[in-house]
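Chain order of the listed sequences is A and B.
Residue 18 in my numbering is what sits at position 18 of the first sequence, and the numbering runs on without skipping anything.
Residue 85 in my numbering is what sits at position 85 of the second sequence, and the numbering runs on without skipping anything.
Don't read these hints as lab results, they were simulated from the structure.
All values derive from a computational prediction rather than experimental measurement.
Heads up, the beta-carbon is just placed ideally off N, CA and C, and yes, glycines get one too.
It cannot be assumed that every hint is accurate.
To be verified - Calculated cross-link-like contacts (lysine-lysine; reagent style DSBU-like; alpha-carbon spacing at most 35 Å):
1) B:113 - B:78
2) B:70 - B:117
3) B:113 - A:57
4) B:73 - B:55
5) A:70 - B:110
6) B:70 - B:110
7) B:110 - A:57
8) B:55 - B:110
9) B:110 - B:78
10) B:55 - A:57
11) B:113 - A:11
12) B:55 - B:70
13) A:11 - A:57
14) B:113 - B:73
15) B:117 - A:57
16) B:73 - A:57
17) B:73 - B:110
18) A:11 - B:110
Stated by the list, open to error - Pulled from the structure, derived: some chain A residues nowhere near chain B, Cβ distances all over 10 Å:
19) 16
20) 71
21) 85
22) 94
23) 104
What the hints assert, rightly or not - So the derived list for chain B, only partly shown, Cβ under 10 Å to chain A, looks like this:
24) 4
25) 9
26) 37
27) 43
28) 67
29) 87
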Amino acid sequence: DAGITQSPRYKITETGRQVTLMCHQTWSHSYMFWYRQDLGHGLRLIYYSAAADITDKGEVPDGYVVSRSKTENFPLTLESATRSQTSVYFCASSFGGGIDEQFFGPGTRLTVL
Amino acid sequence: AQTVTQSQPEMSVQEAETVTLSCTYDTSESDYYLFWYKQPPSRQMILVIRQEAYKQQNATENRFSVNFQKAAKSFSLKISDSQLGDAAMYFCAYRSPNYGGSQGNLIFGKGTKLSVKP
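Make the full structure from the sequences, and use the hints.
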């Protein structure tokens, strides 16, 4: 299906485990983003990517790793999950910046026990 | 750094009435872009309306319109003829121009939860 998808939609893990959240878009958008949403904070940028093999940190990157070997995929890895990383994670993509719409995936609710 | 403030954590409106959600932002840039996103209980983020700072004319999309006051750094959203389906969290967002290292990410406010009463 066309669009932007995330998997899994729900994930429960334990402290210290590695977790990878997947993001896939079918539009060949150059820009991709990872945000986390926490109550009282809105959405905050974790990492972003302007193109394949180009990534950079956002506002809250600590504890996360990203890669982008292909334009359509932008996985987010929590190397050693902590309880503070319990959140809803959104992947987004856009063709460009400026006024271009940023399209969001459905989100992944991650719980770290 | 740019910041976005939504001063109303919750708002309520009667069905068919009009409601205005407030948003202010802080920036030293003269060129930028502003957005309103809607997040219903399904959690999906949906673009409602967008505005380019260099355009003086306020953007409109059907029942949704904005009041953009550049000097006051204000970007409020007006919803006319409110419908039950408008009940959602609404986020105001700011985006810098795509130059100088910025990659065009959105800076969000904390959101306003809108309830619609039948």
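So, going through the hints one by one against the coordinates:
| no. | hint | in the structure |
| --- | --- | --- |
| 1 | B:113 - B:78 | 14 Å, holds |
| 2 | B:70 - B:117 | 32 Å, holds |
| 3 | B:113 - A:57 | 29 Å, holds |
| 4 | B:73 - B:55 | 14 Å, holds |
| 5 | A:70 - B:110 | 32 Å, holds |
| 6 | B:70 - B:110 | 21 Å, holds |
| 7 | B:110 - A:57 | 21 Å, holds |
| 8 | B:55 - B:110 | 25 Å, holds |
| 9 | B:110 - B:78 | 18 Å, holds |
| 10 | B:55 - A:57 | 31 Å, holds |
| 11 | B:113 - A:11 | 26 Å, holds |
| 12 | B:55 - B:70 | 10 Å, holds |
| 13 | A:11 - A:57 | 24 Å, holds |
| 14 | B:113 - B:73 | 22 Å, holds |
| 15 | B:117 - A:57 | 42 Å, violated |
| 16 | B:73 - A:57 | 27 Å, holds |
| 17 | B:73 - B:110 | 17 Å, holds |
| 18 | A:11 - B:110 | 24 Å, holds |
| 19 | 16 | 27 Å, holds |
| 20 | 71 | 15 Å, holds |
| 21 | 85 | 18 Å, holds |
| 22 | 94 | 7 Å, violated |
| 23 | 104 | 4 Å, violated |
| 24 | 4 | 8 Å, holds |
| 25 | 9 | 9 Å, holds |
| 26 | 37 | 8 Å, holds |
| 27 | 43 | 5 Å, holds |
| 28 | 67 | 18 Å, violated |
| 29 | 87 | 18 Å, violated |
When held up to the earlier numbered hints, the structure conflicts with 15, 22, 23, 28 and 29 and fits the remainder.
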